[in-house]
Each structure stands twice: as C-alpha cells, then as structure tokens.
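Start from chain A and add chain B according to the hints.
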Amino acid sequence: MKADIELVTLVKDGDTDAFSELVRRHQQALLRTIVRMVRDLDLAEDVTQEAFIKAYQKIHLFEGRASFKSWLFQIAVNTAKNKLRSSKRETVEIDKVNVAVSAQAEKGLVHQDIQEALIEEVERLPDKQRTALKLRIYEDLSFKEIAQIMDCPYDTAKANYRHGLMKIRSVFKENDLMRSLIQNYDDFVVPQGAGHSEVKT
Amino acid sequence: MSGPRDLDESIWIDYIEDELDPSLRDDLTTLIPHSGENKEILKDYQSIRGNLEKVGKAIEVPTDENYFNDFHDRIMARVKNTKMQSPVVVRLFQKRVYRAVAGVALFLIIGSAIWNTANLTGGKPGDIEVAKSSNWLLESSVKNPEMVPNTVLTPGETDMVMDAAAEKLDKMSEKEREQVFRRLAD
Chain A
2 MKADIELVTL VKDGDTDAFS ELVRRHQQAL LRTIVRMVRD LDLAEDVTQE AFIKAYQKIH
62 LFEGRASFKS WLFQIAVNTA KNKLRSSKRE TVEIDKVNVA VSAQAEKGLV HQDIQEALIE
122 EVERLPDKQR TALKLRIYED LSFKEIAQIM DCPYDTAKAN YRHGLMKIRS VFKENDLMRS
182 LIQNYDDFVV PQGAGHSEVK T
Chain B
776 MSGPRDLDES IWIDYIEDEL DPSLRDDLTT LIPHSGENKE ILKDYQSIRG NLEKVGKAIE
836 VPTDENYFND FHDRIMARVK NTKMQSPVVV RLFQKRVYRA VAGVALFLII GSAIWNTANL
896 TGGKPGDIEV AKSSNWLLES SVKNPEMVPN TVLTPGETDM VMDAAAEKLD KMSEKEREQV
956 FRRLAD
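Line order of the protein sequences matches chains A and B.
Going by the working numbering, the first sequence opens with residue 2, and the numbers climb by one from there.
Going by the working numbering, the second sequence opens with residue 776, and the numbers climb by one from there.
Some hints here could point you the wrong way.
Facing chain B, according to a computed beta carbon distance under 7 Å, are these residues of chain A, among others [what the hints assert, rightly or not]:
hint, residue
1, Arg33
2, Val36
3, Val39
4, Gln50
5, Gln58
6, Lys59
7, Ile120
8, Tyr139
9, Tyr155
10, Thr157
11, Arg163
12, Ile183
13, Tyr186
Hint data in this document are derived by calculation from the structure and do not stem from the laboratory.
All figures in this text were calculated on a predicted structure; none of them were measured in a lab.
We put the CB at the ideal spot given by N, CA and C, even for glycine.
Next up, chain B with everything else stripped away, as it sits in the complex:
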C-alpha cells in the first residue's frame, strides 16, 4: 500500500515541527506504516533536520565565564562612548510624523491653488477669507503636525475648489479671461 499521493510534502515538515492540529497529526501517524512514499519523505526530512542539528552543535561557541566577562566589558566600553539617539530624533522616524509631513505637503499644494484662485479672481473678500483660513491651517499644521491628519482636505473638497475656480472663469467676460491668462503666463 503506497498511501495517498496527493499529500503536500510540506505537511511532513509541519509534522516533524509539531505544527499540526492534533487530530491530523494522529491521522498521519496512523498512515506512516502503510505508506512507503510518505514514510520516505518523512525520513528524508528527519535526516536533513537531524544532520543540521548536528552541524549546529558542532560549531564551537565560547562558554566560559571569563570570556563573557571580557566580552561584556568590551561592549560596555563602546557603549560609554556612544550617544543614544534623542527621543525627538527617534520620533522623526515614526510613521505618524511621515503622515503629518505628507499632510503638510498636501496643504501647501492645495493652499497655493486656493491662493492663486483668490488672486486670479481679483481677490474678492470671500476668496481672500478662504486663502486666509488655508494659511492659518498651514501655519497651525507646521506648529502642530499631530493635527494634520485630522484636517487635510478630502479629495471632494479639492474638487469643490476647482469647480469654484472654473465657475468664476465662466462668469468672466472674454476680455477679463484674457487678462487672467496673460497674468498666469507672466
């Protein structure tokens, strides 16, 4: 009897590593004496693992106390000449700050778009207010990056700004529009 041939051979690795559900493990244990093919696979993996264990143990590693006292002292001598990175520097590497920086960058892009829109349309009071508030948000986000993820404009809001700009351009006369484009070109 050769036993089931469709067993993935990795199951025998899991078997050796004790990584199987107990009931499956019991089933496989029952199968082994009746399946030459699977028995061979298991034996192969056991011998590879067993040989590697032997190899690992053959590598000489120091064990005496004096060696490790000396090793410890060498490490600590280096540690004493080493500066610990300050928590502030460490925080710079944290993902939260990366997100905040990305948020600030997004603000700069959107803020400048709003600012340009306000200027293009002759700086009407409503537009100037929008620009002012975007500047306030920019300043605040630089002072306190933690707030940025909560205040960035959503893509929908960006669309709204673009729509408003397009609407204003539509309402302009041909001459006014030409002046705007000339200013843009400058």
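Excised from the complex, chain A in its bound form:
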C-alpha cells in the first residue's frame, strides 16, 4: 500500500486514481470531524467535498512538511469556519451570552438539558478555542496534530484548549451548575481513551 506522500506525488503528475485513493482513505474521518464541528450532516458533506476539491486544486502547494491528513483537515476546518460564518451560525449577541445556561438553571436540569447547555457554551467559545476543544475531545487528536491543523504553534493549540475548558468551567460555576454536570458525568461510564487520564477523585 502506497503512503499518502507517494500518492500525492502521483496526483501532482496528473494521476486522478491516486487522488481517488486519498479520498477513500480520509473521507470518513474528515466527515466525522466536520459533522462534529458544524453539527449538521448536509453542511458537513458540503464542507468535506469542498475540502477535497480545494486540496486537489492546490495539491502543488503541499510540500510534505506536515502529513497530508493534517493539511487536508486544515483546509476542511477553515472551510467549515467560513461556511459557519457565512450562514451566520456563529452570531453571538452579547446580551444572550449565558442565557442558555441560566434558563436551564431556572427550570431544573435533566441530562438532556445539561448537555444542551454544555453544547451551547462550547459554541459560544472563541473560534480557536472551540476548534482546539472539538479536535481534542471529539476527535482525540494530539496537540501536535491540532497545531498542524490550526496552523499554529503547539503551545498555542494547547493554550486555546485550556482556555476553552476554563471558560466553560467558569460559566457553569457562575450559574451554579457544576454539581449537575458532575452528577451527569457520574451517571455514565467514561471510556479511558488515549490521552485522557481518568483519576479516581
């Protein structure tokens, strides 16, 4: 089986079958990542297709400094951000910040509510923090991979991730919702995936 970089060389020479193989290899992981970013399958399909088309058009720009996968994901993540921006899904009105969490707090929380509140808080994070957080938690990517995809230094990727989590904690604490979140967490078994250490507290 040829390595990605060998396939890229063939694509640069005009071999579309080699590109077809790259699509087969990466389409599933890419679509999964983008679905979790945009939370809409139709939009994720559009973004994934567009990312592959852009990668094909600009294949001569790929110099192999990072992996092809990281490069492709970088294109896809940027495309997703642009799509979200253009569809105004990211619009956050200042006076609405924390409204979701506060409303949930008032009516009492069940599992679904607390998760919805958590999702909304994630969506309110600044772009870079949200991306780092989703790539790390949803996709279980290393900070090195995240840095490559976000085109930033390793420490910046990590800092964005940390700040995102800290902001979420701060909002939940302000609204006295940490206990519900912990309760919700205790009600299911957390898988011990790579890079995520579970400690008995």
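Positioned in the frame of chain A, the structure of chain B alone reads:
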C-alpha cells in the same frame, strides 16, 4: 488540609490530558487526596471533558460502506471537472517570489534614483556606467527573480548614492545648481 492554593488550575487540565512531566504528575497524584480545593477543580474538569466526550459520541455520523462509496463517487465526479492549479501559478504564491518581487520594486526605486543622479549631473561617463549597470541588474532581476535577494543594494549602498549626489550638487556653481533645480521642476 486544603493543599497549595497557588497552583494554576490549568495544571489540572494538563494532568487530565497527560501533558505533564511524569515526576510532577506523580506529585500531583499524591496531593489530590489531601487537597479538597484541587480535588474539586480536577473533578470539575473531568466532568466537563467527560460530558463533552459523550456529546461528541452522540452526534450521528454515517458508517456504512454504501454511503461512503456513494460519497466518494460524488467527490470524484467533482474532481474530474476541476482543474488543478499549475505549479507555475502555485509558485507565484510562494514567499520566495514575494521577496523577489519586493526586491525588484526596490531596484526600480534605487535604479531610478541613480538614473536621475546621472542625468542631473550632466551624464558624466562614471554616472552613466552606474546607471547602465543598475539597468542591467534590473533586467536580470526581471528575467531571473531568484537572484534578486542576493543582489539588492544594502541601505549603506543607498546612502552612498545619496552622498555622491549631494557631493556633486555641492561642487556645482550657483548657476549650475539653479539649472538642475529648474530641470527637476520641469
């Protein structure tokens, strides 16, 4: 026992992510049972992460082979109607070329300054040679931009040209100087 209060809470995120030096990690593990405050912070982050993992897994993503065969075919149908950007176009976007273009622009500015100096001073043979060589450099840099970063004049050389022009103006009589300024004004 509440434990050290001056620990940055982000250290517990690094702890969960396994991003700490093993010895520091061991120290923190020893600390946890004795520090209510830090234990609480750790628990908070674990629950946020755990809940988010659950949320991520709850988003439905297609997995069946037929779906992805179809998806692959749709992508490839679009690829077949897409033109790959030529390597020449791609090279235009590379930083090296940007630097070369900036170099050429700098040459044009300095070259025209040298040319004007030669003309202002009556086109004496030495000045004309300078102008000729600057033109040669300009032509060469347009033909071969790769050489530009190696041949641009340094700021010191620019100063030298300005000094030479000032010296020549100093040596002129009042009348000659007036003629030069009149030509400049024209």
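Here is how each hint holds up against the structure:
1. Arg33: Since chain B brings a Cβ to about 5 Å from A/Arg33, closer than 7 Å, the hint holds.
2. Val36: Holds. Min distance 5 Å.
3. Val39: Status violated, d = 10 Å.
4. Gln50: The hint holds - A/Gln50 has a Cβ within 7 Å of chain B, the shortest such distance being about 5 Å.
5. Gln58: Holds, about 5 Å.
6. Lys59: The hint holds - A/Lys59 has a Cβ within 7 Å of chain B, the shortest such distance being about 6 Å.
7. Ile120: Since chain B brings a Cβ to about 6 Å from A/Ile120, closer than 7 Å, the hint holds.
8. Tyr139: Holds, because the Cβ-Cβ distance from A/Tyr139 to chain B comes to roughly 4 Å (cut-off 7 Å).
9. Tyr155: violated, 10 Å
10. Thr157: violated, 14 Å
11. Arg163: A/Arg163 check passes; min Cβ-Cβ to chain B is 5 Å, inside 7 Å.
12. Ile183: holds, 4 Å
13. Tyr186: Nearest chain B Cβ about 4 Å off; hint holds.
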